[in-house]
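Enquirer: As a plain string of letters, each chain reads:
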Amino acid sequence: MKTAVIVFPGSNCDRDMAVALETVTGQAPAMVWHRESELPAGIDFIALPGGFSYGDYLRSGAMAARSPILTAVTEAAARGVPVLGVCNGFQVLTEAQLLPGALMRNAGLNFVCRTVPLTVENSQSLFTAGYQAGEAIDIPVAHHDGNYFADAATLDRLEGEGRVAFRYADSVNGSARGIAGVLNDAGNVLGMMPHPERAIDRAHGGTDGLRLFEAALGVLA
Amino acid sequence: MKVQVYVTLKPGVLDPQGKAIHHALEGLGFGGVSDVRAGRFIELEVADDTSDADLDAMCAKLLANTVIENYRIQRA
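Protein sequences appear in the order of chains C and G. Each residue of the first sequence is one higher than the one before, counting from 30 in the numbering used here. Each residue of the second sequence is one higher than the one before, counting from 87 in the numbering used here.
No lab work stands behind these hints: they were computed from the structure. For glycine and all other residues, C-beta sits at the position ideal for the given N, C-alpha and C. Some hints here could point you the wrong way.
[Said to hold, decoys possible] Some, not all, of what chain G presents toward chain C, calculated at C-beta under 8 Å:
1) P102
2) Q103
3) A106
4) N151
5) I154
[What the hints assert, rightly or not] Here are the simulated distance ranges between beta carbons:
6) N41(C) x D138(G): 39 to 45 Å
7) A146(G) x R206(C): 25 to 31 Å
8) E65(C) x Q103(G): 33 to 39 Å
9) A70(C) x L100(G): 43 to 49 Å
10) Q90(G) x T100(C): 29 to 35 Å
11) L100(G) x K31(C): 37 to 43 Å
12) D180(C) x H109(G): 25 to 31 Å
13) A70(C) x A146(G): 32 to 38 Å
14) A70(C) x V122(G): 48 to 54 Å
Work out the full structure: start from the sequences and follow the hints.
Expert: What follows is the structure in structure tokens.
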């Protein structure tokens with residue numbers, strides 16, 4: 030089980046993500062700098078961590094999505110390698126057009142930093158198979174630009190195809206239809222604003238994020 | 087030559103920043119403002135022979151996110 034965490038200038042959840050991956054796989058992930066043009070051979074799982082890549086210049090995730098390593102990540106995703114983007118990682122995936130929609134400034138304009146209740150909408154994906162459909166879980170969020178936007182036709186398609194992985198149970202940031210996490214059409218790319226890697230140890234105050242990593246990495250084991 | 091790029095939110099896309107600016111204007115006593123939309127202005131210094139197609143590609147690939155934004159290019 031070889032995993033990789035992509036590190037951009039301004040990433041700040043890369044080490045938390047590495048701890049989560051190592052906790053579940055027993056093996057430290059490769060930390061891959063954004064300037065690399067290739068991933069280490071035989072990578073089975075790629076994580077794009079949270080943070081403020083490139084200082085959120087232009088738009089959150091915009092610069093990171095055009096960095097050299099994203100070409101390799103896009104190719105890996107097309108081969109079916111699971112890709113998880115959390116928070117800024119989700120923003121990067123939408124900017125790179127690996128996921129539909131965009132993440133805009135929170136409707137309340139405030140940075141939101143708290144643990145929020147989520148509803149698991151799709152428990153069939155490789156990332157969410159450890160949950161029950163409709164299950165309520167608690168995962169921390171910490172973002173300024175988490176307000177998910179897509180046009181109505183795209184939202185209908187996402188819902189119709191079961192590609193809404195998680196929804197906020199409460200109002201958090203103004204996201205269209207309360208969407209907190211979406212899957213690509215093949216189901217191997219997940220972007221989500223909440224931080225599952227911040228809920229894997231009882232010392233975090235909750236462990237609801239652990240099953241996401243166990244499912245995604247266990248399926249591959 | 088200078089090229090000016092105006093990036094604006096598409097109609098129908100909610101603009102929380104524009105709304106906040108609107109409220110602030112009202113707070114300053116400016117009535118009669120019915121809506122505010124905030125955008126981005128980018129000025130490029132480019133070679134004189136830069137083609138329209140290249141300028142358009144710069145906007146579509148990076149300067150604007152066409153999921154939520156429109157752009158307008160003006161050669162100064």
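Enquirer: Work down the list of hints and note, for each, if the structure agrees.
Expert: A quick look at each hint next to the structure:
Below 8 Å, beta-carbon pairs count as interface contacts, and P102(G) has one with chain C at about 5 Å; its hint therefore holds. Given hint, Q103(G) at the interface with chain C, holds; its Cβ is 6 Å from that chain's nearest Cβ, closer than 8 Å. For A106(G), the interface hint holds, the least distance from its beta-carbon to any beta-carbon of chain C being 6 Å, beneath 8 Å. With its C-beta approaching chain C no nearer than about 6 Å, N151(G) sits inside the 8 Å limit, and its interface hint holds.
About 5 Å separates the beta-carbon of I154(G) from the nearest beta-carbon of chain C, less than 8 Å, and the hint is met. The hinted range of 39 to 45 Å is satisfied by N41(C) and D138(G), whose Cβ atoms lie roughly 40 Å apart. Checking the proposed 25 to 31 Å range against A146(G) and R206(C) shows it holds: the Cβ atoms sit about 27 Å from each other. Range check, E65(C) to Q103(G): about 35 Å between beta-carbon atoms, so the 33 to 39 Å window is met.
Here the CB-CB span from A70(C) to L100(G) is close to 44 Å, well matched to the stated 43 to 49 Å. For the hinted restraint 29 to 35 Å between Q90(G) and T100(C), the CB-CB distance of approximately 30 Å keeps it satisfied. Between L100(G) and K31(C) the beta carbons are some 41 Å apart, a value that agrees with the proposed interval 37 to 43 Å. For the pair D180(C) and H109(G), the supplied restraint of 25 to 31 Å holds, since their beta-carbon distance comes to about 27 Å.
Taking 32 to 38 Å as the suggested C-beta distance range, the pair A70(C) and A146(G) conforms, at roughly 34 Å. For A70(C) paired with V122(G), a C-beta distance near 52 Å keeps the hint of 48 to 54 Å intact.
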